[in-house]
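Undergrad: Sequence:
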Amino acid sequence: MTNKRVVIDIGHGNNTYPPSKGVPEMAEFEFNNAVGKLSKQMLEYNGFEILLSQPCDSNEVSLRNRVNYINNENKKKKIECVISIHADYSNNKDANGHWVFYWHNSNGSKRLAQIWDKYGRELPNKHRGIVESRKGSWTDFMILRETHPYGILIEHGFMSNKEDLKLLLSDEFRQQCSIAITKTVCEYCGVKYKEMPTIKQQEQWYRVRTSWGDAKSQKGAYSNLDNAIAEAKKYNGYKVYNEQGEQVYPAIKKEEDETKHWAYKHYQNLNKKGLNITETRFDDNITRGEIFKLLDELTKDWTQKNIGDAPIKEGDNVLVYKGLIKNGSRGQSVKELQQALNKLGYNCGVADGIAGNKTITAIKNFQRNHGLSVDGIAGQATYNKINQLLGGKTEQPKSNTNKKYEILYPNKQTTIVKIPRSQIKNIDVILANAKSNRETVGNMQKRTGVDFIINGGLFWSDKKTGKSHSLNLLIDEYKQNNAGIYSRHGLMVYRDGSYKFDWYKWTPDLKDMIGGSPTLIIDGKIKIDGKLENSLQNNRHPRSAIGMNDQYFFIVAIDGRKASQGLYGMTINELARYMQSIGCKYALNLDGGYSTRLMHDGKLLNKVPENRPVHNAVGIKLK
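The sequence shown begins at 2 in the numbering used here and counts up by one.
For the record, the hints were derived by calculation from the structure and aren't laboratory data.
It is possible that part of the hints are untrue.
Below 20 Å or equal to it, Euclidean Cα-Cα: the simulated SDA-like pairs (lysine to any residue) are [what the hints assert, rightly or not]:
1. Lys127 x Lys163
2. Lys586 x Lys465
3. Lys5 x Lys184
4. Lys76 x Asn60
5. Lys365 x Lys405
6. Lys5 x Gln42
7. Lys22 x Lys235
8. Lys5 x Arg129
9. Lys386 x Glu407
10. Lys426 x His601
11. Lys136 x Asn72
12. Lys184 x Gln115
13. Lys323 x Ala231
14. Lys563 x Lys184
15. Lys419 x Gln581
16. Lys405 x Gln389
17. Lys528 x Asn550
18. Lys163 x Gly350
The calculated label-pair distances, taken between Cβ atoms and stated as ranges, are [claimed, not checked]:
19. Tyr194 x Lys78: 51 to 61 Å
20. Gln552 x Thr508: 38 to 48 Å
21. Gly130 x Arg369: 19 to 29 Å
22. Gly109 x Lys528: 50 to 60 Å
23. Asn612 x Gly324: 41 to 51 Å
24. Gly130 x Gly48: 26 to 36 Å
Small disclaimer: the values here were computed from a predicted structure and weren't measured.
Backbone N, C-alpha and C define an ideal beta-carbon position, used for all residues, glycine too.
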């Protein structure tokens, strides 16, 4: 026994549940309580005396009472540190990852956060780093401000993000979080960490609600089924559901197989079309009209939801001030404001004409970033600044528009080069000129003298030889240079200078080809052809793409992986819809990620964190 005392602060309580603290799938307390229990077990195994600021499985003890308890116990006998356990939430569904908070003027708190930061990096979700907690800021946490000794507050993931939520619900991730906490405390206190031989799996939680989807009706969550049933019996119409959303009380007698239910085929069809339906039970009393109304809401303005509207040319003044817009405002003026903010990279979500919390947050962020009064009310000053930015005085490079091409910045993360096809002299697939088969896009442009250049298709590096090879079909003067074909549809370039998007078929006059990784649009219709890993296809990343219609050739770069700067990236499906929205009849995805680099005359047009050498690029020479 070390005789060292540590406080575990389990955030919230059994009586705090969605929507105030959690999401329909999980109350925050369920995660906090589970990790608190496991951490207590592990730390006690390592010889620590563990104090709980509130009991496990209890209703919430007020912050004031928890703080007073910790301080009183510290006066009796020294407490080494306080660990406050939480899960996060954001209106931005893309926000994800874990981070830790410390009190700004406490060296001990900062050191504790730095140690946890080291072990937190071992967790499988995004690492967001450490953040100081300071009085008067959004990080002003009482548990850090008023406890002595100081501690840390850990947000382990975002319940509002579907990928983080999967982790937060899993026993494995909860165990990983508990291990990180235990290792942190051990190192902070100078105690050698000992791994527990076995860890007790988290018990099942049972929720008492009127229906699984009605989180607001929840009376509580119980680890003991009998206790949950007893609670449900107190109220008319209440049921008990397990963690999978299955009704366990009263028992349901299924008279027929689910595959025979009228909704089954509709769920299956939607899944095939890429709309993932997580609710797969068919025993709720829901009518056809209700379900189709819900589905209509889900699919409404699909393209607009995450990537904004189709591009606008700089100089367009889209907003006309018609009066103040504040929380609860409705109408066309609100919709126009939402569209404008989305274009500038301030996420309002779907432009629905209703100024809710997401819109007000976007207004505040815009005001804060442009030196305006931060009140969340869009008045004349806010309108003037938005119109000024939409009029070309943005932080982005100015649009260069002439008869030969246009460079457009429709929103913060998107760069578009629009070239009349009549102005194109030739298009080349450029291979790297280096022993490693890798070269920067800038060097390729300087070497070849093309006017515009963008990174090419996917490639892989041979660790043994150090050389890179294409993962797309590439032909250079009749010679294939590929290690695999992701798509047999792509951009065909011929010796006479002509080009087209088509299915691969070798002919003597074919000079170059770059296949889609994958193809996005064929003959005006979205057709994602080719194989791509789920993480590359379904997660938002920086993207690069080319496309064309009968009149124009398009080069597009989408920046991402910097949500704090409004750079979210796109999924493959979002990119396809976006290329379609700007008028592409044909389009294909290129390498993307940190390879995304669009240049003109030696100048970078988009934003990327690094200048990564690539295997190939697409270059365009103008007449």
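Undergrad: Tell me if the straight-line CA distance from Lys563 to Lys184 falls inside 20 Å.
TA: Violated, at roughly 30 Å.
Undergrad: Has the given pair, Lys184 with Gln115, been kept, meaning a C-alpha gap of at most 20 Å?
TA: With Cα atoms ~12 Å apart, Lys184 and Gln115 stay inside 20 Å; holds.
Undergrad: Do the alpha carbons of Lys323 and Ala231 lie within 20 Å of each other, as the hint requires?
TA: 56 Å, violated
Undergrad: Given the hint that Lys419 pairs with Gln581, does the C-alpha gap stay at or below 20 Å?
TA: 14 Å, holds
Undergrad: Can the restraint linking Lys5 and Arg129 be considered satisfied, given a maximum Cα separation of 20 Å?
TA: Violated, at about 30 Å.
Undergrad: For the pair we were handed, Lys386 and Glu407, check the Cα-Cα distance against 20 Å.
TA: 24 Å, violated
Undergrad: Given the proposed pairing of Lys365 with Lys405, does the C-alpha separation stay at or below 20 Å?
TA: 39 Å, violated
Undergrad: Holds or violated: are the alpha carbons of Lys163 and Gly350 at most 20 Å from each other?
TA: 17 Å, holds
Undergrad: Does Lys127 pair with Lys163 here, judged by a C-alpha cut-off of 20 Å?
TA: 13 Å, holds
Undergrad: Within 20 Å, alpha carbon to alpha carbon, are Lys136 and Asn72?
TA: Distance of about 19 Å is within 20 Å: holds.
Undergrad: State, for the Cβ atoms of Gly130 and Gly48, whether the hinted interval 26 to 36 Å holds or is violated.
TA: 30 Å, holds
Undergrad: Sort out whether Lys184 lies within 20 Å of Lys5, counting only the CA atoms.
TA: 15 Å, holds
Consistency with the previously given hints fails for numbers 2, 4, 5, 7, 8, 9, 13, 14, 16, 19, 20, ordered from lowest to highest.
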